[in-house]
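Position in the sequence shown (from 1) plus 1132 gives the number in our numbering.
What the hints contain is simulated information worked out from the structure, not anything from laboratory work.
For every residue, glycine included, the Cβ atom is placed at its ideal position computed from N, Cα and C.
There's no promise every hint is true.
For lysine-lysine, the following DSSO-like pairs were computed, each having C-alpha atoms within a straight-line distance of at most 27 Å [as the list claims (entries may be wrong)]:
#: 1; residue 1: LYS1158; residue 2: LYS1196
#: 2; residue 1: LYS1168; residue 2: LYS1271
#: 3; residue 1: LYS1246; residue 2: LYS1168
#: 4; residue 1: LYS1389; residue 2: LYS1271
#: 5; residue 1: LYS1396; residue 2: LYS1371
#: 6; residue 1: LYS1278; residue 2: LYS1246
#: 7; residue 1: LYS1271; residue 2: LYS1382
#: 8; residue 1: LYS1271; residue 2: LYS1158
#: 9; residue 1: LYS1199; residue 2: LYS1232
#: 10; residue 1: LYS1389; residue 2: LYS1409
#: 11; residue 1: LYS1246; residue 2: LYS1158
#: 12; residue 1: LYS1409; residue 2: LYS1271
#: 13; residue 1: LYS1271; residue 2: LYS1246
#: 14; residue 1: LYS1382; residue 2: LYS1278
#: 15; residue 1: LYS1389; residue 2: LYS1492
#: 16; residue 1: LYS1158; residue 2: LYS1278
The following label-pair restraints were derived from C-beta to C-beta distances [unchecked claim]:
#: 17; residue 1: VAL1222; residue 2: LEU1370; range: 54 to 60 Å
#: 18; residue 1: ASP1383; residue 2: ASP1136; range: 46 to 52 Å
#: 19; residue 1: ARG1373; residue 2: LYS1168; range: 41 to 47 Å
#: 20; residue 1: SER1412; residue 2: LYS1278; range: 40 to 46 Å
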Amino acid sequence: SVEDLSGRLGSSDLGGLVRINLMQKKPMLTVDLTSKSLDFDDLGVVFGIPVTPDKGEEQNAEQKKAKRVYDASARLIPDARIDFGRLAAVNADISFVAAKVVDAPMGINALTLKGTLRDSVLDFEQAVVKTSTGDLDAKVNVNATKDPAFTKASGALENVAINRFIDTPMVRGTLNGKFALTFTGSGFREAAASSNGEVGLWSNNSELAKFAVEGAGLDIGEILLIWATQDKKNPEYLKSRCLAANIAFKDGQATLKPAVLDNKDSLIAATGGVNLKNESMNIEVFARPHDVSIGTISGDIRVGGTLRNPTFEALNEQTLLQAGLSALLSTISGPLGLLPFIQTGGEPDAPCATLLADAKETGTRNNPAAAVTPKKS
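Use the sequences and the hints to build the structure in full.
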C-alpha cells in the first residue's frame, strides 16, 4: 500500500491512499484520493472530450487527438467507449474528492465520487457535482457483468444557475430537477441511443428578459428594433410564475411533455424532442401574449437540424418573423440551448401547480432507475 501518495496527472494534483490486498480470491483495491485542484481537461481526454487549453498551456498528444476527432465529427456526443471488461480484474472501495475543479463545463467547481466495485458491478452511492450556486447529487450503478454494460442513474439537481445550461442573457435564475434514467452501452453514443426514463426540471425564481413593447400594432421588425437597442448587459427582466419541463426518454428518443414558461405577459411552451440515436431535433416552439394590448407575434418556430448544428424556421409564411425569432433563438448556446421553452399566449395561464407537481414526481413512477436515494455530501 501507499498511504501518503503525492503526484500529478497532467495539470492536476493527486494525493491520498492506494492499497491492494492480494490474499483474497479476487484482489481487493482500496482507493482514497483527493485533489486540491483538478483540471477537467485531464478527465475529458479519457472520454474523448475535446479540451481548450488555457493561454500558455500546451496540449499533450492525447488531448490533441481527442480534439481532432471531435472537430472532424458532426456529432455533439463524443465517440468514446469505456473498457468495462477491466472491472472484472478486481473488487474495490473507491473515494475521490476534488476540492476544486477548473476548466470544467457548466461551471463545475468541485466533485465527489464514493462507491464500490464488486464482481463487475460499479456502484457509486454518492456522485456529487458542485457549482457556485448549487449541486447535482446522484447515484450511479454500472452493471458490467455483460457486454454492453447496463447503467442506472438517478438523482437531483438543486439551485444550479440556468446560465450554466443555457448561455444567454434572455433568461436567468436557478434550476431544480430530478432524473431517473437507464442506459445500455459501453460507449457514450451507444448509451444515449438506448436511454429510457424521465427528467423533470423546474425553477422557482426564473426571469425572462422583457421586450419593452407597449401598445398594439407593433410588427416584428419594430419589436426586433427594440430588442436590438436594449442594454444587453443590463436588460429588464420579468419574473416567471413558473418554469417547468418534463422530458420522457424511450429507446433514445427524448420528448418534451412539454416545457413551459409562464409570466404575467405571456405563455411560452415547446413540444417535440431529440432523437439521440442520430442527434436530430424536431422541436416546435409556440408563443402567445396574455394581454392583447401587447399585440400578437403571430407565427411559431420549429427547431431542427442536430444538437451540434441546430436550424430554426418559422411555422408560417412570414419570412421577417422567421429571420427575427431565429436570430433571437440563436443567441442561446450549449446543448440545452437547443431546447427552447417558448409558447406565449393570449391563452389561459399555464397550469403551474400541475406542471411543477409532475416535474417533481419524476422517478416516482414505474421506472427501473427510480429506486435511488442520493446521499448528500
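Which numbered hints are broken by the structure, listed smallest first? Hint check: 1, 20 fail, others pass.
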